[in-house]
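Novice: Taking the hints into account, I'd like the entire structure generated from these sequences.
Number of protein chains: 2
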Amino acid sequence: MYCHPKSFPILISLMLVFSLYGQSTQEVTPPDPYKVALGKTLFFDSRLSLDQSVSCHSCHTLIQAPNLKHPSGADSSRFSIGIFGRVGTRNTPTVWNVVERQRLFWDGRADSLEGQMTGPFTDPREMGMPSLKALVDRVKQIPGYLELFKKAFGSRDITFSRMSHAIAAFEKTLVTEHSLVEAFLNGNKEALKGDALLGWERFKRIGCISCHGAPTFSQKDYFQMFPIWNREELNYLYGFNRDKGRFTATGIPFDHHRWRIPSLKNIEITAPYFHNGATDDLETAIRIMGYAQLNRQLSKEDAILIKTFLLNLTGRIPIVSPPRLPE
Amino acid sequence: MYCHPKSFPILISLMLVFSLYGQSTQEVTPPDPYKVALGKTLFFDSRLSLDQSVSCHSCHTLIQAPNLKHPSGADSSRFSIGIFGRVGTRNTPTVWNVVERQRLFWDGRADSLEGQMTGPFTDPREMGMPSLKALVDRVKQIPGYLELFKKAFGSRDITFSRMSHAIAAFEKTLVTEHSLVEAFLNGNKEALKGDALLGWERFKRIGCISCHGAPTFSQKDYFQMFPIWNREELNYLYGFNRDKGRFTATGIPFDHHRWRIPSLKNIEITAPYFHNGATDDLETAIRIMGYAQLNRQLSKEDAILIKTFLLNLTGRIPIVSPPRLPE
Numbered sequence: 001m002y003c004h005p006k007s008f009p010i011l012i013s014l015m016l017v018f019s020l021y022g023q024s025t026q027e028v029t030p031p032d033p034y035k036v037a038l039g040k041t042l043f044f045d046s047r048l049s050l051d052q053s054v055s056c057h058s059c060h061t062l063i064q065a066p067n068l069k070h071p072s073g074a075d076s077s078r079f080s081i082g083i084f085g086r087v088g089t090r091n092t093p094t095v096w097n098v099v100e101r102q103r104l105f106w107d108g109r110a111d112s113l114e115g116q117m118t119g120p121f122t123d124p125r126e127m128g129m130p131s132l133k134a135l136v137d138r139v140k141q142i143p144g145y146l147e148l149f150k151k152a153f154g155s156r157d158i159t160f161s162r163m164s165h166a167i168a169a170f171e172k173t174l175v176t177e178h179s180l181v182e183a184f185l186n187g188n189k190e191a192l193k194g195d196a197l198l199g200w201e202r203f204k205r206i207g208c209i210s211c212h213g214a215p216t217f218s219q220k221d222y223f224q225m226f227p228i229w230n231r232e233e234l235n236y237l238y239g240f241n242r243d244k245g246r247f248t249a250t251g252i253p254f255d256h257h258r259w260r261i262p263s264l265k266n267i268e269i270t271a272p273y274f275h276n277g278a279t280d281d282l283e284t285a286i287r288i289m290g291y292a293q294l295n296r297q298l299s300k301e302d303a304i305l306i307k308t309f310l311l312n313l314t315g316r317i318p319i320v321s322p323p324r325l326p327e
Numbered sequence: 001m002y003c004h005p006k007s008f009p010i011l012i013s014l015m016l017v018f019s020l021y022g023q024s025t026q027e028v029t030p031p032d033p034y035k036v037a038l039g040k041t042l043f044f045d046s047r048l049s050l051d052q053s054v055s056c057h058s059c060h061t062l063i064q065a066p067n068l069k070h071p072s073g074a075d076s077s078r079f080s081i082g083i084f085g086r087v088g089t090r091n092t093p094t095v096w097n098v099v100e101r102q103r104l105f106w107d108g109r110a111d112s113l114e115g116q117m118t119g120p121f122t123d124p125r126e127m128g129m130p131s132l133k134a135l136v137d138r139v140k141q142i143p144g145y146l147e148l149f150k151k152a153f154g155s156r157d158i159t160f161s162r163m164s165h166a167i168a169a170f171e172k173t174l175v176t177e178h179s180l181v182e183a184f185l186n187g188n189k190e191a192l193k194g195d196a197l198l199g200w201e202r203f204k205r206i207g208c209i210s211c212h213g214a215p216t217f218s219q220k221d222y223f224q225m226f227p228i229w230n231r232e233e234l235n236y237l238y239g240f241n242r243d244k245g246r247f248t249a250t251g252i253p254f255d256h257h258r259w260r261i262p263s264l265k266n267i268e269i270t271a272p273y274f275h276n277g278a279t280d281d282l283e284t285a286i287r288i289m290g291y292a293q294l295n296r297q298l299s300k301e302d303a304i305l306i307k308t309f310l311l312n313l314t315g316r317i318p319i320v321s322p323p324r325l326p327e
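Sequence lines, in order, name chains A and B. Residue 1 is where the first sequence starts when you use my numbering, and the numbers rise one by one after that. Residue 1 is where the second sequence starts when you use my numbering, and the numbers rise one by one after that.
Hints were generated in silico from the structure; no laboratory data involved. There could be a bad hint or two in this list.
Unchecked claim - Taking lysine-lysine pairs in the DSS-like style, the calculated list, with each CA pair at most 27 Å apart, reads:
hint: 1; chain 1: B; residue 1: Lys69; chain 2: A; residue 2: Lys69
hint: 2; chain 1: A; residue 1: Lys172; chain 2: A; residue 2: Lys133
hint: 3; chain 1: A; residue 1: Lys172; chain 2: A; residue 2: Lys140
hint: 4; chain 1: A; residue 1: Lys244; chain 2: B; residue 2: Lys300
hint: 5; chain 1: A; residue 1: Lys307; chain 2: B; residue 2: Lys69
hint: 6; chain 1: A; residue 1: Lys172; chain 2: A; residue 2: Lys193
hint: 7; chain 1: B; residue 1: Lys204; chain 2: B; residue 2: Lys220
hint: 8; chain 1: A; residue 1: Lys220; chain 2: A; residue 2: Lys172
hint: 9; chain 1: B; residue 1: Lys151; chain 2: B; residue 2: Lys172
hint: 10; chain 1: B; residue 1: Lys244; chain 2: A; residue 2: Lys307
hint: 11; chain 1: B; residue 1: Lys244; chain 2: A; residue 2: Lys300
hint: 12; chain 1: B; residue 1: Lys140; chain 2: B; residue 2: Lys151
hint: 13; chain 1: B; residue 1: Lys172; chain 2: B; residue 2: Lys133
hint: 14; chain 1: B; residue 1: Lys204; chain 2: B; residue 2: Lys193
hint: 15; chain 1: A; residue 1: Lys193; chain 2: A; residue 2: Lys69
What the hints assert, rightly or not - Every beta carbon over 10 Å from chain B, so not counted as near; a handful from chain A, in silico:
hint: 16; residue: Ala37
hint: 17; residue: Leu50
hint: 18; residue: Arg103
hint: 19; residue: Arg109
hint: 20; residue: Gly154
hint: 21; residue: Leu237
hint: 22; residue: Leu325
Claimed, not checked - A short, non-exhaustive set of chain A residues, derived as facing chain B with CB atoms under 10 Å:
hint: 23; residue: Ser155
hint: 24; residue: Gly277
hint: 25; residue: Ala278
hint: 26; residue: Glu301
In this text, a Cβ means the ideal position worked out from N, Cα and C, and glycines have one as well.
Specialist: Structure, rendered in structure tokens:
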């Protein structure tokens, strides 16, 4: 659904409709605590990688760590480090609020958390297991997991399907709520004031909201071209066009340089930004977006006001305690 | 000495001459250990700031700290935080190897460490003392300093001149040696290999060396326009031209947007870069320099090779132990 820039007004209207639609309440199934506990244990277990050095949590940090200002659900590097010190090729997205995503990965090639998981486990730059079977065998070698699987699923059978369901169940609990913007949108008109409130107005008027709609500040099942305005100097400075985006997953020419729209929730703590982690300065990121997506140079005032608004999208980060790993 | 870009070939030749000149051996006076010890104590003492929260070391970190990958001699933020949480206006330069600088501050307005020091002590955004007299009075209120001054200077008199000499004596010991590039330039031809060696060749051929000459990878007493090629999009993204540089110190129109040339030593650990800390990504910084100073878009290969070379400019960081502060 790539649209010529001239069709922006129509697009923006459509997106506002989608955005309202997105606010409808979802059905929520209460999580099974045993599945969640098993999933958390697997999430933190670096024995599930080829050289036993990398866990899901290595790149999706939930706990305060050195060299990390906040437990961002990702890490603070442009590209994460996998087994044998190998470097990834796209910036690690945060796992906070991943339950709100309909599509996973920057190119959206997975449509469920369970489906997403096969990627990192077997990617040679991430956890590098040669196959899902090898992964399951690795878990089977750790006797302590037998009881955890029995508690979660009723029998000691260890399968990838069970693993992925348990990890997904855990990940779905990773929610940050109570940001000031949420409070504001839920009716507390005092929650946003001054520059933050002005920033919200600019955010809407300038058009950021056309892709980053409330309440998720993303768009479900929706991909967008980036950069839309394919500026030579932006590509020179940041290399945005080196990665063909969704095209690498689908092979469809239409998908060249299209990307899943990232949510702006917790953007304060999830630097660096963009699929290649091009900058970790939020004001610069906002300027780049104005220039590359809306074909305009934002004023200093607009950029700062929007930044002030975005800083109010940080929710309360739950305290996650590390699990005891089975022997 | 602003030169029209067309005069670059001449400029580069001149700079190479200066660069060779810079290699001549300096006379070295062995530091007085008591002065150094006093200077170190003053450097770490946050009681010397108005609200007693900020020391020299608060912004010029020499010791591994949380949220800091390396003790960089600066901090890792765009702008440092002074008293009462006030935010600075220019990126903190590293104090490592400051003995090699002939001019201090981004705008070079001080020509000695002793002269530089009055700035941070009395700047309302930094340590905020109302006057040097108030500063000296503050030190006099700490009886433990009397003996330290006596050891260093032979009498218990506490003056700003003595303070600044002691702090400068300490700062002059903050030297990082033994980088691979130094080893290479000192004759160990094995010290730079492969991409690092190729990067050194590109660094010279492309013209980076015209301002960042060996062995300091800076230029003594020398200011340069930045950006030379005053590109709208660079200013939009990074706001480079918002700060008039040396003009703010001299008021001379010629000094508009001229800056002291920062040394590239330890650049790996001294992010973020530029007078306003515009980016902390070294590859982006290199691309910006090519674009803004040399009017060329570096190839991916050139940028990566130069980066690889620059990573070899990291010296051995001395272990600094925090002093015991007098009561």
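Novice: Now, for every hint given, state plainly whether the structure supports it.
Specialist: Evaluated hints:
1. Among the hinted pairs, Lys69/B with Lys69/A is consistent with the structure: their alpha-carbon atoms are about 11 Å apart, no more than 27 Å.
2. Only pairs whose Cα atoms come within 27 Å are accepted, and Lys172/A paired with Lys133/A is accepted, the gap being roughly 25 Å.
3. Between Lys172/A and Lys140/A the CA atoms are separated by roughly 25 Å; this keeps the pair inside 27 Å, and the hint holds.
4. For the hint linking Lys244/A to Lys300/B, the alpha-carbon distance of about 17 Å falls within 27 Å, and the restraint holds.
5. The hinted pair formed by Lys307/A and Lys69/B meets the criterion: a straight-line CA distance of about 26 Å does not exceed 27 Å.
6. Note on Lys172/A and Lys193/A: the hinted pairing is violated, with a Cα-Cα distance of about 31 Å set against a maximum of 27 Å.
7. Between the alpha carbons of Lys204/B and Lys220/B the distance comes to roughly 18 Å, so the proposed pair stays at or under 27 Å and holds.
8. Of the supplied pair hints, the one linking Lys220/A and Lys172/A holds, its CA atoms being roughly 16 Å apart against a limit of 27 Å.
9. With a C-alpha separation of about 19 Å, the suggested pair Lys151/B and Lys172/B falls inside the 27 Å cut-off, and the hint holds.
10. Only pairs whose Cα atoms come within 27 Å are accepted, and Lys244/B paired with Lys307/A is accepted, the gap being roughly 25 Å.
11. A distance of roughly 17 Å separates the Cα atoms of Lys244/B and Lys300/A; the hinted pair therefore holds under the 27 Å criterion.
12. Proposed proximity of Lys140/B and Lys151/B is supported: the alpha carbons are some 16 Å apart, at most 27 Å.
13. With a CA separation close to 25 Å, the supplied pair Lys172/B and Lys133/B stays within the 27 Å bound.
14. Distance restraint check for Lys204/B and Lys193/B: the Cα-Cα separation of roughly 16 Å lies within the 27 Å cut-off, and the hinted pair is therefore satisfied.
15. Distance hint between Lys193/A and Lys69/A is fulfilled; the C-alpha atoms sit about 26 Å from each other, no more than 27 Å.
16. Every Cβ of chain B is farther than 10 Å from the Cβ of Ala37/A; the closest lies at roughly 30 Å, confirming the non-interface assignment.
17. Residue-level check passed: Leu50/A sits 27 Å from the nearest beta carbon of chain B, beyond 10 Å.
18. Once the 10 Å rule is applied to beta carbons, Arg103/A is consistent with being away from chain B; the minimum gap is 27 Å.
19. Separation of Arg109/A from chain B is adequate, the least Cβ-Cβ distance of about 25 Å exceeding the 10 Å criterion.
20. With a cut of 10 Å on Cβ distances, Gly154/A stays outside the contact zone with chain B, its closest approach being about 45 Å.
21. For Leu237/A, the requirement that its beta carbon stay farther than 10 Å from each beta carbon of chain B is not met, with the minimum near 5 Å.
22. Consistency note on Leu325/A: stated as away from chain B, and its beta-carbon is indeed over 10 Å from all of that chain's, at 26 Å minimum.
23. Using the Cβ-Cβ criterion of 10 Å, the hint placing Ser155/A at the interface with chain B is not satisfied: the shortest such distance is roughly 45 Å.
24. Of the supplied interface hints, the one on Gly277/A holds, with its beta-carbon coming within about 8 Å of a beta-carbon of chain B, less than 10 Å.
25. Evaluation of the Ala278/A hint against chain B yields a held restraint, the C-beta minimum of about 7 Å falling below 10 Å.
26. Taking 10 Å as the C-beta cut-off, the interface hint given for Glu301/A is violated, the closest approach to chain B being about 13 Å.
The earlier numbered hints that this structure contradicts are 6, 21, 23, 26.
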